[in-house]
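Enquirer: Work the whole structure out from these sequences, hints included.
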Amino acid sequence: MDPIRRSLLGQLARLSAGAAMVPLSSVASAGINQQPPRREGDPSKRYGMLIDLRQCIGCQACTVSCHIENAAPLGSFRTTVSQYEVEHQETGEVATFMLPRLCNHCENPACVPVCPVEATYQRQDGIVVVDSDRCVGCAYCVNACPYDARFINERTQTADKCTFCAHRLEAGLLPACVESCVGGARIIGDMRDPQSQISRMIAEHRDELMVLQPEKNTLPQVFYLGMDERFVTRPDAEPVALDVLDPHGKEMGYEFRH
Amino acid sequence: MNSAIELLAPRYDIAWYPWAVQYFFMIALSYASLWLAAPALVFGRARWLPTARLALLACLTTTLVAPVALLADLHQPLRFWHFYAYANSHSWMSVGSLVLPLYLVGVIVLAWLAWRPALQAHRQAPGIAGFIARWLSLGDAPTPRALMVLVGLGTLALSTGIMLYTGAEVAIVKARPLWHTVWLPPMFVATGVIAAAGLVLVLNRVAGERSTTVIRQMLRVMLGACLVAALVAGSWFLDGINAHVGSVAAAMESVRDSAEWRSTALWGGLTGVALFGAVLFLLTRPAARRPALFAWAWVLGLVALHVGWMFRWVVLMDVQTVARHSAGFHHYGIPAGSSGILGIVGTFGLWLAAILLIDLFVPWRQARQGGSAADIPPAQPDAHSAAETTEGAPGHG
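Residue numbers (my numbering), protein chains in the order written: chain A, 1 to 258; chain B, 259 to 655.
Since the hints were made in silico from the structure, they are not lab data.
Given the structure is predicted, the values throughout are model-derived calculations rather than measurements.
Keep in mind that a hint or two might mislead.
Stated by the list, open to error - Just a sample of chain B residues kept apart from chain A, beta carbon distances all over 10 angstroms, derived:
#: 1; residue: Leu-332
#: 2; residue: Arg-337
#: 3; residue: Val-357
#: 4; residue: Gly-466
#: 5; residue: Leu-481
#: 6; residue: Glu-518
#: 7; residue: Ala-553
#: 8; residue: Ile-599
#: 9; residue: Gly-607
#: 10; residue: Pro-621
#: 11; residue: Trp-622
As the list claims (entries may be wrong) - Label-pair restraints from in silico Cβ distances:
#: 12; chain 1: A; residue 1: Pro-247; chain 2: B; residue 2: Ser-347; range: 48 to 58 angstroms
#: 13; chain 1: A; residue 1: Cys-59; chain 2: B; residue 2: Arg-520; range: 32 to 42 angstroms
#: 14; chain 1: B; residue 1: Val-531; chain 2: A; residue 2: Arg-54; range: 51 to 61 angstroms
#: 15; chain 1: A; residue 1: Met-210; chain 2: B; residue 2: Phe-495; range: 26 to 36 angstroms
#: 16; chain 1: B; residue 1: Val-603; chain 2: A; residue 2: Glu-179; range: 45 to 55 angstroms
#: 17; chain 1: A; residue 1: Arg-38; chain 2: B; residue 2: Arg-478; range: 47 to 57 angstroms
#: 18; chain 1: B; residue 1: Ala-507; chain 2: A; residue 2: Leu-173; range: 35 to 45 angstroms
#: 19; chain 1: A; residue 1: Ile-68; chain 2: B; residue 2: Arg-269; range: 14 to 24 angstroms
#: 20; chain 1: B; residue 1: Ala-304; chain 2: A; residue 2: Gln-34; range: 31 to 41 angstroms
Where is the CB? At the ideal position from N, CA and C, for every residue including glycine.
Expert: Next comes the structure, spelled out in structure tokens:
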């Protein structure tokens with residue numbers, strides 16, 4: 001459809017009766033869905049992470065060490081590295097792109113205001129955590145997170161997510177994923193401390209850093225260096241994992257589409 | 259332009275189970291049938307009384323069953339009291355947890371007021387029915403109409419709260435672009451009204467009422483709701499057709515990339531158009547041919563229920579299979595157990611049990627807007643005249 005006709009149709013839609021609902025919806029999303037006050041944690045700190053993709057080799061050491069440290073159930077991940085094969089259509093050159101993913105501990109987290117019992121909350125140091133004793137397991141936060149960072153832990157039946165290994169940070173240790181990263185690709189630190197490595201790297205690479213899905217206005221605090229902008233939003237890629245099922249519908253493995 | 263293949267990405271399970279569909283379906287039937295019962299039971303329009311009696315039965319039973327499905331969708335159902343101990347006014351779900359019990363109480367009180375004169379008239383009935391009538395009717399004092407109007411208006415107001423919160427709860431989720439549109443809440447209401455009108459048509463048939471007044475009124479309501487749904491769907495489409503991101507863009511992407519979404523879109527569109535066409539056809543037939551055709555209106559009722567349920571299934575279940583930050587779609591097979599087929603069948607079973615229990619022990623066919631036992635015509639359980647019924651043998655009373 002040509003752009004002029006499309007814009008005309010859009011105008012028509014705005015003229016239609018339902019246009020009256022637009023202000024109503026802004027009241028709804030602004031009024032009720034606002035961030036509750038932060039609690040606990042050190043207000044003098046703001047933790048963030050910088051992932052230097054130039055150093056990531058996709059070894060999944062972070063995935064495994066996180067799994068062991070945080071005892072996530074099989075098949076659920078607090079962090080993982082998505083991998084893509086990217087082919088240059090003119091030269092045919094093939095490269096692998098790694099995308100480590102974890103909770104972005106957003107400045108405007110979509111998962112926090114939706115929680116009906118304030119079981120998930122943001123600490124004053126920016127870390128988003130879940131009080132699993134209070135969580136009712138409604139899974140609203142799992143649906144509200146644009147980054148697939150949350151899941152329902154099948155053992156506790158409550159929401160589960162990356163905490164930047166807050167228990168390790170408090171003991172003066174690095175998060176499991178940072179500790180185990182063979183290339184030193186993951187840098188965590190206090191962004192309020194101008195001398196911290198993350199603050200210095202953010203200052204140095206300010207213009208090159210990217211975050212995931214910035215258009216969602218969640219203000220993620222996990223920054224990617226060496227990022228390909230096509231992977232900032234949902235990647236336009238061919239999905240790989242088609243389940244191969246046996247005659248009883250049980251999963252046997254995966255196969256590629258072509 | 260490069261092409262990319264996703265080599266490795268986790269598979270993300272859905273977070274809301276079919277229980278959510280059951281809740282959204284039941285609660286939509288509940289608030290929509292309340293509005294179908296309102297003309298006679300709240301605003302005193304006598305011509306709507308046969309419809310109101312069926313609609314009130316539909317409303318009370320769905321209102322009782324819906325919260326059960328909602329609780330079951332929690333992974334920690336026994337912690338439901340946390341909703342009240344730690345209420346978070348920032349969350350639409352929390353707002354809903356405050357509105358829902360008030361609405362539930364409103365519907366129960368309204369139904370009790372509407373059935374009370376008939377219960378009083380049945381106090382001498384033998385067996386359990388008489389015992390229940392004596393126990394439930396709470397004395398001989400007449401039921402004031404003003405009280406019904408007051409409770410009715412309050413419950414109608416609460417029902418708009420349910421419409422608003424169920425729609426907003428889903429529509430504010432930015433993470434799922436297909437949900438994140440202002441057109442979703444009105445579409446929930448429109449399809450809810452279609453389904454509720456369909457349910458009244460089906461109850462009109464299976465309860466043996468077969469009132470042509472009910473059929474005519476419900477077909478008209480359904481026609482209007484179909485038009486509103488078409489307007490909302492059209493506005494949603496035109497509103498988003500310019501945008502490269504957002505609800506419509508995400509829908510187009512899904513339809514382009516997935517054969518399942520293509521067939522879903524086709525099926526939804528065809529069913530909607532077919533339902534609208536059939537309702538229009540029935541309503542425009544000459545009066546002489548109507549009784550024969552109206553006898554089949556309950557089939558359209560089933561189609562309408564299908565439209566209301568499938569819309570919620572597609573919105574709540576299918577949308578969760580659209581990957582958010584990985585490629586393609588996640589596989590979802592409905593499990594056989596309580597979070598799947600057993601839950602769906604169980605909810606409907608519980609609902610059927612609620613309808614049957616009320617049918618056994620409560621004279622719901624004589625619901626009225628207040629009054630006393632003296633207003634109930636004796637030995638004539640069905641209030642409608644014989645001339646009003648469509649052809650065929652009347653069912654059991």
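Enquirer: Which hints, by number, does the structure contradict?
Expert: Hints 1, 2 and 20 contradicted; others consistent.
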